[in-house]
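Line by line, the protein sequences give chains W and G.
Numbering follows our numbering, with no gaps: position 181 of the first sequence is 181.
Numbering follows our numbering, with no gaps: position 35 of the second sequence is 35.
Calculated directly from the structure, the hints in this document are not laboratory data.
Please note: incorrect hints may appear among the correct ones.
Selected chain W positions facing chain G (in silico; Cβ < 7 Å) [as the list claims (entries may be wrong)]:
(1) 133
(2) 229
(3) 272
(4) 302
Just so you know, these numbers come straight off a predicted model, no measurement behind them.
For every residue, glycine included, the Cβ atom is placed at its ideal position computed from N, Cα and C.
In case you want the letters, here they are:
Number of protein chains: 2
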Amino acid sequence: MKIAVDAMGGDKAPAEIIKGAVHAVQKYSCEIVLVGDSEKIYGILNDVAGDKNLPITVCHADEVIQMNEHPADAVRVKKNSSIVVATNLVRDGECDAVLSAGSTGAAVAAAQLILKRIHGIGRPAIATPIPTPNGTTLLLDSGANVDSKPEHLIQSGIMGALYAEHVLNIKNPSVALLNIGEEETKGNEQAKETYQLLKNLSTINFAGNAEGRDIPRGKFDVVICDGFVGNVVLKFGEGLALTIMELLNEELIANGGAKLLGRELIAATFKNLSKRLDVSENGGAPLLGVNGYCVISHGSSDAKAICSAIGVAKNYVDSKILDRIRDAL
Amino acid sequence: MKIAVDAMGGDKAPAEIIKGAVHAVQKYSCEIVLVGDSEKIYGILNDVAGDKNLPITVCHADEVIQMNEHPADAVRVKKNSSIVVATNLVRDGECDAVLSAGSTGAAVAAAQLILKRIHGIGRPAIATPIPTPNGTTLLLDSGANVDSKPEHLIQSGIMGALYAEHVLNIKNPSVALLNIGEEETKGNEQAKETYQLLKNLSTINFAGNAEGRDIPRGKFDVVICDGFVGNVVLKFGEGLALTIMELLNEELIANGGAKLLGRELIAATFKNLSKRLDVSENGGAPLLGVNGYCVISHGSSDAKAICSAIGVAKNYVDSKILDRIRDAL
């Protein structure tokens, strides 16, 4: 198993990406190809790994696609950018999967343009595992595409169910449609049309409409929505978690609880809580619907998140679910 | 000042609604007309208010619109439902505002059909104040309409800015468009078109795109979005806050913090935190864009929330911003 890692993508690239890769090859049995500015990469790699003989190689790419560039245009023009070169490695069979914490739009565009969509898939979807009290709810699409049509949401439902079953090991996963009410007549045109299509789809365990609160409560295994809504919801959750922890800290200071707990215990509590809530702790989200295993990490990923994302990529490849998705469509 | 309160709307109606009204007339200088099943209402009112000579009257209405009914159809057919009768009182000048914790769709439909939209407004919008670390972000539309067009979002921006300035007392409020990225080229078709219209609108302080996380972080005073997205985000926040508090409780039990704090302090901390986070603690959200003051409360509202919502309605009427909205459009 060989994974191509975009060493230049992400707020903390390349240092944290490289550290994450070094951890990962020691934790999982896989090889890694770090793609990007080879001089910089070797410099950091020597510092981090020293003389260790690790299964890490470097593939040079002298351009980087920035966050503010138009994704598809940049992928077409910057043929030697780290994400394009890394994705090419998968297309050419040199690597089994590609991972990037850089521009999500660029990673999605590279996957679509280079690996191509699976036959029968109109739009790929990013499937993000959301932490819930008892496990995980898989939310897709969480931002690969906006302006999805009902058939794209159906495809997301089929792919999400397969991922939940064969990668997350959830038996007969329930699939719900994100909407503004439980009743089948509720919602915008997109949701109402999608509901009717899902109702008549025998291949998945369609459980009706999900409301926003059902996602963090873990009521369903898979929740499908348009990428615009999914992206807004995910980022809203990030901000809200931060705000709640700040307010809690204020409360504990005001009511004397902070003194009783002591600094260390408070710090440990918040650290653990953040960890359990942090979507990026799950490391990476698969991009489903393209001909190749592609995993997308949060832009703020540190070494730990990258290591964990490499684990996600490994499980994803091991599951061989691309074949199942091809069969299902 | 006289406020018509739908005594039959909400999960805890009519008892908690009536109790809330009794608190409110003692707290604010206003009169209240309780609309609904007069026998039931008098029964509870006698228990709660006893001999007190309160400025509360009862207006009989023998039907109730249920949550699962089609809002507009039900408003047309159930002419003697509590929400229709209460809204008629505003149309006829008997009351200054109407408040309901019943079916949001029915309250919106009643307002649109009976009070009519303000000239120049294509769709009314519910403006919900979201708690942030330093105050409030006004989110609209949080569920009055789905499938909004760019011009509807612009109208929401204008109305939201006026509400923020003249009711929430925020000077020159910043108005942002909810989107999936900061750059003006980001987003779905609706967001991209809306951005261009907002950029050229000189009457509001347009501050660009907001991402989901900016709402609970309080980065902008007013955030505008489609009612589908707003509704999903609000409910997601409700569920996430609950999940975070459960996880926190687990952490404190596991790491011994719960013992150090003691039951009472933990309970007090969670209670205060919930209070600061609870959107319904703010009591009510104005429905902006109709010819009359209409306030919508959360279905789960208790007496306290209803009392607070009556306070919202009072400030809203006092602000006279309907005239300003009419002038602005």
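Hint check results:
Checking residue 133/W against chain G by beta carbon gives a least distance of about 5 Å; that is within 7 Å, so the hint holds. With a least beta-carbon distance of about 6 Å to chain G, the hint placing residue 229/W at the interface is held under the 7 Å criterion. Restraint check, residue 272/W versus chain G: the minimum CB separation of about 5 Å is within 7 Å; hint holds. The beta carbon of residue 302/W is not positioned within 7 Å of any beta carbon in chain G (closest approach about 18 Å), and the interface hint is therefore violated.
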